[in-house]
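Each chain, letter by letter, is given below.
4 protein chains.
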Amino acid sequence: MEQALRVCVYGATGYTGIELLRYLSQHPYVKVVSVLSRTYAGRYLSDVLPSFFNTYLSKIPLTEEPQEDFDLAFLCLPHEISLNLVPELIKKGKKVIDLSGAYRISKKELYPEFYGFEHVHEETLKLAVYGLPEVFRDSIKNATLVANPGCYPTATLLGLYPFLKEGINLDRVIVDAISGVSGAGRKTAQHFHYPEMEQNIMAYSVEKHRHVPEMEDVITKISGKSVKIRFTPKVIPASRGMLCSLYVQTSEKRLKDLFEETYLCEKFVKIIHEPPATKHVIGTNLCLIYPYYEERTQTAVIITVIDNLGKGASSQAIQNMNIMLGMDEATSIEKPALFP
Amino acid sequence: MEQALRVCVYGATGYTGIELLRYLSQHPYVKVVSVLSRTYAGRYLSDVLPSFFNTYLSKIPLTEEPQEDFDLAFLCLPHEISLNLVPELIKKGKKVIDLSGAYRISKKELYPEFYGFEHVHEETLKLAVYGLPEVFRDSIKNATLVANPGCYPTATLLGLYPFLKEGINLDRVIVDAISGVSGAGRKTAQHFHYPEMEQNIMAYSVEKHRHVPEMEDVITKISGKSVKIRFTPKVIPASRGMLCSLYVQTSEKRLKDLFEETYLCEKFVKIIHEPPATKHVIGTNLCLIYPYYEERTQTAVIITVIDNLGKGASSQAIQNMNIMLGMDEATSIEKPALFP
Amino acid sequence: MEQALRVCVYGATGYTGIELLRYLSQHPYVKVVSVLSRTYAGRYLSDVLPSFFNTYLSKIPLTEEPQEDFDLAFLCLPHEISLNLVPELIKKGKKVIDLSGAYRISKKELYPEFYGFEHVHEETLKLAVYGLPEVFRDSIKNATLVANPGCYPTATLLGLYPFLKEGINLDRVIVDAISGVSGAGRKTAQHFHYPEMEQNIMAYSVEKHRHVPEMEDVITKISGKSVKIRFTPKVIPASRGMLCSLYVQTSEKRLKDLFEETYLCEKFVKIIHEPPATKHVIGTNLCLIYPYYEERTQTAVIITVIDNLGKGASSQAIQNMNIMLGMDEATSIEKPALFP
Amino acid sequence: MEQALRVCVYGATGYTGIELLRYLSQHPYVKVVSVLSRTYAGRYLSDVLPSFFNTYLSKIPLTEEPQEDFDLAFLCLPHEISLNLVPELIKKGKKVIDLSGAYRISKKELYPEFYGFEHVHEETLKLAVYGLPEVFRDSIKNATLVANPGCYPTATLLGLYPFLKEGINLDRVIVDAISGVSGAGRKTAQHFHYPEMEQNIMAYSVEKHRHVPEMEDVITKISGKSVKIRFTPKVIPASRGMLCSLYVQTSEKRLKDLFEETYLCEKFVKIIHEPPATKHVIGTNLCLIYPYYEERTQTAVIITVIDNLGKGASSQAIQNMNIMLGMDEATSIEKPALFP
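Chains as they are written, first to last, in numbering that gives the first Met the number 0: chain A, 0 to 339; chain B, 0 to 339; chain C, 0 to 339; chain D, 0 to 339.
Okay, chain A solo, but in the shape it has when bound (with noise of 0.2 Å):
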């Protein structure tokens, strides 16, 4: 490649900006420019996390505004915050890859319930393509905004889209998932505090969670129907990882033949014939589904594992990057995992 991309990451000092700066550090095609936080300005990146030390990177200042033109963004950045550089980036001709929610739900009125915020820019919402790979490769391949898909979405829609394909009727399906903490971010709080997580399960938003919109939302993109999600998290003491499992009352019963026709070419999704185990794909791009259906309760019991960080944010990230700026799909993100 003769010039490399030259990328900004907004928020790079949360958890999803690392990670990304993990694998930007390492991308041979691109150079980070400018890494962007409010809460580390004026430092070094390797001062406020050393583990920078080698790579390119380590004496980057951390800075609030991008100090050099960019081609593309990602925006690490609180849901409100993006609402509105989104149109500002996209108006300069920039790139952007959003890890917010702001542009993950198609359907404008339901910002106010699930986000808190009227989302006042239509337009730039119907630009928006949602940034599932092995769904919507070949309109992320032509945009100019990628919404970077939730990690309970992603984790849920891949598990749920052989159906889909398939026109396979789902009606209700339930989703009950469990995540590690960095999910929540890298925000302090009472109860993620290290003692009181240490050996705790906790089940959360049981009655209302912004990513119940978006599954919904994206499953009717893909398979014209309506279909409802009863949708429970759980956060565990990991730092990362997440694994669901879904319900789907059906008579489909070829499951296996018909997961790993969809999955066939995929390279970062793999279904298995043990039930998975999130260990196996911490710091990877990878998803390991395991599908199961049991005659006695005709029920369809799947079983996906990913990164909450990595499939689900950061490394799809990236992914999405190379898929838009036609690389290699699986640039830099083609790693085994950190085991044990």
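Since the hints were derived computationally from the structure, they do not count as laboratory data. Just so we're clear, the structure is a prediction, and the values are computed from it rather than from any experiment. Among the hints, erroneous ones may be present.
Note that identical chains are pooled: a pair holds if it fits in a single copy or bridges any two copies.
Mimicking EDC-like on lysine to aspartate or glutamate, the simulated pairs with C-alpha atoms at most 20 Å apart in a straight line are [as the list claims (entries may be wrong)]: (1) Lys93 with Glu122; (2) Lys207 with Glu273; (3) Lys30 with Glu333; (4) Lys207 with Glu294; (5) Lys91 with Glu63; (6) Lys140 with Glu265; (7) Lys107 with Glu87; (8) Lys186 with Glu79; (9) Lys91 with Glu67; (10) Lys255 with Asp46; (11) Lys58 with Glu273; (12) Lys224 with Glu260; (13) Lys94 with Glu67; (14) Lys90 with Glu121.
Take the given structure of chain A and dock chains B, C and D to it, following the hints.
Frame of chain A; chains B, C and D shown alone:
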């Protein structure tokens, strides 16, 4: 009480045995006269478990066989060993609380499939009372043999009992459950080696688990009806703790009232108004229940938490003992959790 | 006992306060009459900490000020608040056990450097008895004010006391200590956010720590000599637990005898013959000590373990209370650990 | 590079083997041609370790013996097996990097006491170069056999090297070290069973550890002097990570300068100005060092952190390989940590 009850603990150095001793060493009306352990026979208890230094059991020798006569035995043994030991002990006039699975299911024909052995003690099996006090208190009072419930069945059945008691139809229930690692016992395994279990979320026994026939059998006992349980257990990086999510499709919406009425007089089952966390029940006999009805999917979502070694095993065994002996049911098990 | 001792706990919803309540709720001769918490005032204890459901304190209201008269107060407060509250309470005739550091060091001139305030209550400071029962039991009996020791000083001083008692010269001692995270209190911090503390080992306060003058001061009180402590604290991913390694260059080789003689009659200090593990003391008032003399380097290596919230704070405070009130010193704190 | 280096990994499914494969699978100039594992022979790598799905090694069969010719072998084997295999491989003209301890100590008379076997390959032992690149880089360049250092010696020797290089007298050094559990290998053990290691801090091998003669031997090699190491290892609940505190009584006070000069040109050793945390080096080849001189006790306190499986084992082995083969020393090991 004039005379202390003399108790013998078989298999005392496994996790349920150790937890039993923790409670028994503080019990005002009980004297532990024999502590049996094949693995550590010949040593003193506090040499193997220094934390017992501060108890009267500190210098009790661990032995292979009982050293003194006793009134009641707790069996913390493998299923196959319990199977044959129980009738022997009963013949000798002992009361027995069996923490294994050998006498939990009333239908003897299910044992070969789920336990791998023929149940050769049909008469003894008929004597067994299922030791879930909130449901079977009256039978436990007069029992000679109590089959102490499994951890998953305890957390599940307490969450379903309000429906069963009211005759509400259940038909099919999805039970999605998370357990701490101690639920799998003290025997080492590659995937439970610390470095591999840290930061891991793992599904297992998705296709078949012996707690399913136990739950279904007890449900039928209570309600006279047949209900199918779809059960998915997961293990996460915590020593103790269990959280179960139960999904029931129903039109019954008054869940909070139903649950509060059912457990109004129970000391160890509490209905709470926020999604529960296991941290609050570690080391206790408590079961916290959070019931929620979701209109849009017509689903009752019941979330229960227990300590798998507490209400899920050893403190429930103490509760059963207290009932069998006519003592205050809460003796020695009414303690707050270790927090943090 | 005719009448229960009436106790008030200030700062009850921090970690040492919660742990105190755990013991106090089970204490046969004590009645907790007021539970003070600024953060949670207006709520019931079991609403904030559901694990207290099973205690008589379940429905006690958390308040900002005491609601009833009391005999003894535990202060689990910031140092600066304790500083001024202690003399007020003493003036009102209360006995006080202060778990802060405000009265631990007898030399008032050290407070500005190590605590950031002038110690303006010199007379009260003179009243303070250092609450390490194994060393100062006789003074504690008659104390009005007990300064409850810090966790690091407790684990260190119990490891050095056999030398000090025998008049063995110490000169310089290296104390290398590891603590669970709860030692830093309940206040959240970025580096104690679960995802960042998991799998982390962190040194801190290497150049200055307020427990150093505390240790040196008490050593001088015991031995009349001046000893210099080189202290390096580390925090690791555990909620509770503390392990200290002490290094003393000495020609005294008969360590096991020396240690066993010193602590022969102590219930809560035990000499063990294998390197200790904190797991055995979690939730207890135990201190396990492993003394070893290495010939080739002429170094005494003393390893001690405690629960930083137990013998390092709250159960030691109960031990002090028991002594002050003429009760059996072990009342309510002679319990086995939670294992696993 | 015209031709890739052909590499064979013996003992590939232990922790150091897996970590080696993680790096090797991303190395641009290396081709792994054989992956040996007795335990899992006959299966594909990604069936045993699904995280390798995304690498060219995914479908490599695990075998008991090499299937193809190779240039260099990594031995991740028990000491006794390495002992005899190394001379065989060298006789066949292979280069060898041995991650066991069989060739680390140059004095053959120490092996019976510390390794339990006679070292019967004296000639081969003389060939062995100690693989600590920052100290022995020039010898490594021409080595046929590299004895890859132990994790504790790596973290200790890098902390002492600035003194040794300057000829500063050390005499006696106290090394107080903390390791994650993976340092003990993949073999299960009761005390490393997840429920027992969670929330545990454990000292071990306090009286004798085979890394002591290794450290003392290398110190003599470097400085020509004899130094006595007092060594106390501890293990804590973390999969990876190692923090060593070194205590040296000295009058040398200019530590920061001394350390910065020593490591000025080193990519993988960094002097930092705040006490270090292992979290920043997990998954990297970095060693962070924090040197501090305490006037009042005339003690140099040096704190070092590494990933025990990284700079303490496998990435250091890669660094050695790169040097032996004349490649850029940092190839494939210059990566940021996984954070969080």
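Each hint, compared with the structure:
1. Lys93 with Glu122: within (16 Å within a copy, 65 Å between copies)
2. Lys207 with Glu273: between (32 Å within a copy, 13 Å between copies)
3. Lys30 with Glu333: both (19 Å within a copy, 16 Å between copies)
4. Lys207 with Glu294: For Lys207 and Glu294, only the inter-copy Cα distance (12 Å) is at most 20 Å; the intra-copy one is 31 Å.
5. Lys91 with Glu63: within (18 Å within a copy, 56 Å between copies)
6. Lys140 with Glu265: within (16 Å within a copy, 42 Å between copies)
7. Lys107 with Glu87: within (19 Å within a copy, 61 Å between copies)
8. Lys186 with Glu79: within (16 Å within a copy, 28 Å between copies)
9. Lys91 with Glu67: within (14 Å within a copy, 56 Å between copies)
10. Lys255 with Asp46: Between copies, since 17 Å is at most 20 Å while 49 Å is not.
11. Lys58 with Glu273: between (45 Å within a copy, 18 Å between copies)
12. Lys224 with Glu260: neither (22 Å within a copy, 41 Å between copies)
13. Lys94 with Glu67: Within one copy, since 15 Å is at most 20 Å while 48 Å is not.
14. Lys90 with Glu121: Within one copy only: 14 Å inside a chain, 69 Å across chains, cut-off 20 Å.
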